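Enquirer: The primary structure of each chain is shown beneath.
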Amino acid sequence: MLTFALKRLLSTVPTLLVLVTLVFFLLRAAPGGPFDDERALPAEVQAQVAAAYHLDESPARQFGRYLAGLAQGNLGPSFQYPGRTVSELIAAGFPVSLQLGLCAMLLALLAGCGAGILAALRRGTLADHGLMTLAMAGVSIPNFVVAPLLILAFALALGWFPAGGWDGWRSAVLPVVALALPQVAYLARLTRTSMVEVMAQNYIRAARAKGLPQRWIVVRHALKPALMPVLSYLGPATAQIITGSVVVEQIFSIPGLGRHFVQGALNRDYTVVMGVVVFYGALIVLFNLAVDLLYGVLDPRVRGQ
Amino acid sequence: MSPRGLWAEAGRRLWRNRLAAASLVVVGLIALLCLAGPWLAPHSGEALDFDNIATPPALASGHWFGTDNVGRDLFARTLEGGRISLLVGLLATLVSVIIGVAYGAIAGYFGGRCDALMMRAVDILYALPFMFLVILLMVLFGRHFALVFVAIGAINWLDMARIVRGQTLTLRKREFVDAARLAGLPPLAIIRAHIVPNLLGVVIVCATLTVPQVILVESFLGFLGLGVQEPATSWGVLVNDGAADMEVAPWALLFPAGFLAVTLLCLNFLGDGLRDALDPHGR
Numbered sequence: 000m001l002t003f004a005l006k007r008l009l010s011t012v013p014t015l016l017v018l019v020t021l022v023f024f025l026l027r028a029a030p031g032g033p034f035d036d037e038r039a040l041p042a043e044v045q046a047q048v049a050a051a052y053h054l055d056e057s058p059a060r061q062f063g064r065y066l067a068g069l070a071q072g073n074l075g076p077s078f079q080y081p082g083r084t085v086s087e088l089i090a091a092g093f094p095v096s097l098q099l100g101l102c103a104m105l106l107a108l109l110a111g112c113g114a115g116i117l118a119a120l121r122r123g124t125l126a127d128h129g130l131m132t133l134a135m136a137g138v139s140i141p142n143f144v145v146a147p148l149l150i151l152a153f154a155l156a157l158g159w160f161p162a163g164g165w166d167g168w169r170s171a172v173l174p175v176v177a178l179a180l181p182q183v184a185y186l187a188r189l190t191r192t193s194m195v196e197v198m199a200q201n202y203i204r205a206a207r208a209k210g211l212p213q214r215w216i217v218v219r220h221a222l223k224p225a226l227m228p229v230l231s232y233l234g235p236a237t238a239q240i241i242t243g244s245v246v247v248e249q250i251f252s253i254p255g256l257g258r259h260f261v262q263g264a265l266n267r268d269y270t271v272v273m274g275v276v277v278f279y280g281a282l283i284v285l286f287n288l289a290v291d292l293l294y295g296v297l298d299p300r301v302r303g304q
Numbered sequence: 000m001s002p003r004g005l006w007a008e009a010g011r012r013l014w015r016n017r018l019a020a021a022s023l024v025v026v027g028l029i030a031l032l033c034l035a036g037p038w039l040a041p042h043s044g045e046a047l048d049f050d051n052i053a054t055p056p057a058l059a060s061g062h063w064f065g066t067d068n069v070g071r072d073l074f075a076r077t078l079e080g081g082r083i084s085l086l087v088g089l090l091a092t093l094v095s096v097i098i099g100v101a102y103g104a105i106a107g108y109f110g111g112r113c114d115a116l117m118m119r120a121v122d123i124l125y126a127l128p129f130m131f132l133v134i135l136l137m138v139l140f141g142r143h144f145a146l147v148f149v150a151i152g153a154i155n156w157l158d159m160a161r162i163v164r165g166q167t168l169t170l171r172k173r174e175f176v177d178a179a180r181l182a183g184l185p186p187l188a189i190i191r192a193h194i195v196p197n198l199l200g201v202v203i204v205c206a207t208l209t210v211p212q213v214i215l216v217e218s219f220l221g222f223l224g225l226g227v228q229e230p231a232t233s234w235g236v237l238v239n240d241g242a243a244d245m246e247v248a249p250w251a252l253l254f255p256a257g258f259l260a261v262t263l264l265c266l267n268f269l270g271d272g273l274r275d276a277l278d279p280h281g282r
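Chains U and Z, in that order, give the protein sequences.
Just so we're aligned: 230 in numbering that gives the first Met the number 0 is position 231 of the first sequence, and the numbers increase by one with no gaps anywhere.
Just so we're aligned: 255 in numbering that gives the first Met the number 0 is position 256 of the second sequence, and the numbers increase by one with no gaps anywhere.
Any given hint might turn out to be false.
What the hints assert, rightly or not - Residues from chain Z that face chain U, not an exhaustive set, calculated with beta carbons under 10 Å:
id	residue
1	Gly10
2	Leu13
3	Arg15
4	Leu18
5	Met117
6	Met118
7	Met130
8	Leu139
9	Pro211
10	Ser218
11	Phe222
12	Leu225
13	Leu266
To be verified - Calculated Cβ distances over 10 Å to all of chain Z for the following chain U residues:
id	residue
14	Ala4
15	Leu18
16	Gln98
17	Gly164
18	Val197
19	Ile203
20	Ala208
21	Arg267
22	Leu297
As the list claims (entries may be wrong) - Beta-carbon label-pair distances, calculated as ranges:
id	chain 1	residue 1	chain 2	residue 2	range
23	U	Gln45	Z	Ala145	24 to 34 Å
24	Z	Ser43	U	Glu56	49 to 59 Å
25	Z	Ala182	U	Val296	45 to 55 Å
26	Z	Phe140	U	Leu105	31 to 41 Å
27	U	Gln47	Z	Phe140	21 to 31 Å
Hints in this document: simulated from the structure, not taken from any laboratory.
Please read all numbers here as calculations on a predicted model, not as lab measurements.
In this text, a Cβ means the ideal position worked out from N, Cα and C, and glycines have one as well.
Using the sequences plus the hints, can you model the full thing?
Expert: Have a look at this one:
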């Protein structure tokens, strides 16, 4: 187990390195700088600004400086919000995004797996077909379409929930649902497929032949193997939820990290964009690692490979 | 009994799958509608109609889907957005097919260390937050139309490469490949003449499922304001515009959102149907 864990841990290093390098050099290769304003600054001011942000050094030295800062958790100053560092922006925005994302993930797991198990156990019935058609619709329709429609229906027409902002649980309902919906649908499909597969296994037939009640068979024997694919989907699901939260935060004007990212992208705030990409990238890579390790703990066959 | 070819058989199976067949028809109709847009729509999508600003859909005025907040005809704009969205979908998929097939076939055919190295690179790229990288590319290199699909396609080829490589691994052990090798054909010629044609089935399925993904990415970018720029438009841009003033003009949101959702749904159903039709043993 320890070698397995170490091997997994080591395999994340090149991914992170590629991520940081790619992001850094893409930013340097971009035409136009962060201070290219309509109003041209005097040459000496420009030089001062460039020197203050080390933009006058060679790319290699800048990269070294960036890596060194990264190692200390320092992502540099924001180019657009003077006096604030990227780390501060992340520290301010991330807790909100984290709450939003965790709630959405929880909802997706409960509703998605529930619907998938239900459909699998009632395979071929109207309920199964209905749920799976709904799930296909959910997979296909992106959150930035779902979110405005939810606002239109539940905030503007019915007035049940606020249309935006972030205070109190009522304001969280619509964004969480909008963020979770595609994942609910995907998990429902995934769970149904694997549950159907598991229920056709011989050991389930044996359990049935023993006369065990259906509920017991499902809970004690079928659930764990059927949910293993769900576990391995958690990594991609995190990535999806993080990406989705960028638009959902934008639509519901939630002061999370995703909004900083979009604002940074539109303002060409280099360090903020880079910082968020690196931060989220690292988060996704680490989460994938955690899922892999958990999988190894639960399924000993994986460790041997 | 007359012998039926692989493709005729697959076509028959696809047609019998009612959901997939209906999806094919619907997608075809939407595509035709979008293409015929300039001749069908009574108004141009760029003309500002100052007498009809944010008016609801009406047959009499010729604004069948209503107008937006500057008086542009939404029917024309929805179809125009559809042309861009579908075009980006097809072109970016083409880019991803070309890269994915070449990469996967080479890795699978040569095998060994070359394969291990190439697939390790794919694994690394897989773990990257790809949507963020596309956004980054759009931020950095401007928002040219061509760049949208090159960027999306260039990042979206990973699935294709994996699937193609897996299929190639089994193909290269087949007798006809041995025969070609013994006949002295160089490796790249074997890949071109014997491997790639046999990949057609999996590639078609994968490509069909890539199109909605790509349209989704493009709409996502358009929604954030990073995709195609005004006056050009796409469904994502229209959804964004519509969402901005949905209180006064909900139709500006509902029509493009509906077109986008239906197209994506049908393409996914079609992809699933194609997989069942072309690969009856799988799943």
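Enquirer: Evaluate each hint against the coordinates.
Expert: Here is what the structure says about each hint:
A distance limit of 10 Å between C-beta atoms decides the matter here; for Gly10/Z the minimum to chain U is near 22 Å, and the interface restraint is violated. Hint on Leu13/Z is violated. Least Cβ distance to chain U is approximately 17 Å, over the 10 Å limit. The restraint placing Arg15/Z at the interface with chain U is violated, with a minimum CB-CB distance near 17 Å, outside the 10 Å limit. Restraint check, Leu18/Z versus chain U: the minimum CB separation of about 8 Å is within 10 Å; hint holds.
With 10 Å as the threshold, the beta carbon of Met117/Z stays out of range of chain U, its nearest partner Cβ sitting at about 14 Å, so the hint is violated. Interface restraint check for Met118/Z: the shortest CB-CB distance to chain U comes to about 13 Å, outside 10 Å, so the restraint is violated. Below 10 Å, beta-carbon pairs count as interface contacts, and Met130/Z has one with chain U at about 4 Å; its hint therefore holds. Nearest Cβ of chain U to the Cβ of Leu139/Z: about 4 Å, under the 10 Å cut. The hint holds.
With a least beta-carbon distance of about 7 Å to chain U, the hint placing Pro211/Z at the interface is held under the 10 Å criterion. Taken as an interface hint, Ser218/Z checks out: its beta carbon lies about 7 Å from the nearest beta carbon of chain U, inside 10 Å. Restraint check, Phe222/Z versus chain U: the minimum CB separation of about 5 Å is within 10 Å; hint holds. About 7 Å separates the beta-carbon of Leu225/Z from the nearest beta-carbon of chain U, less than 10 Å, and the hint is met.
Of the supplied interface hints, the one on Leu266/Z holds, with its beta-carbon coming within about 8 Å of a beta-carbon of chain U, less than 10 Å. No Cβ of chain Z approaches the Cβ of Ala4/U within 10 Å, the least distance being about 17 Å, so the stated non-interface status holds. Non-interface call for Leu18/U relative to chain Z: violated, since the shortest CB-CB distance, roughly 6 Å, does not exceed 10 Å. At roughly 20 Å from the closest C-beta of chain Z, the C-beta of Gln98/U stays outside 10 Å, upholding its exclusion from the interface.
With a cut of 10 Å on Cβ distances, Gly164/U stays outside the contact zone with chain Z, its closest approach being about 16 Å. Interface exclusion of Val197/U from chain Z stands, the closest Cβ pair being 15 Å apart, more than 10 Å. At the 10 Å boundary, the C-beta of Ile203/U stays outside the reach of chain Z, the nearest C-beta of that chain being 20 Å off. With a least beta-carbon separation of about 28 Å from chain Z, Ala208/U lies farther than 10 Å from that chain, consistent with its non-interface assignment.
Listed as a non-interface residue, Arg267/U fails to keep its Cβ farther than 10 Å from every Cβ of chain Z; the least gap is roughly 6 Å. Even its closest Cβ contact with chain Z, about 21 Å, leaves Leu297/U beyond 10 Å, as expected for a residue assigned away from the interface. Distance hint for Gln45/U and Ala145/Z: a CB-CB separation of about 32 Å, consistent with the stated range 24 to 34 Å. Evaluation of the 49 to 59 Å hint for Ser43/Z and Glu56/U yields a pass: the beta carbon distance comes to about 52 Å.
For the pair Ala182/Z and Val296/U, the beta carbons lie near 52 Å from each other, so the given range of 45 to 55 Å is met. About 38 Å separates the C-beta atoms of Phe140/Z and Leu105/U, a value consistent with the hinted range of 31 to 41 Å. Taking the beta carbon of each, Gln47/U and Phe140/Z are about 28 Å apart, inside 21 to 31 Å as hinted.
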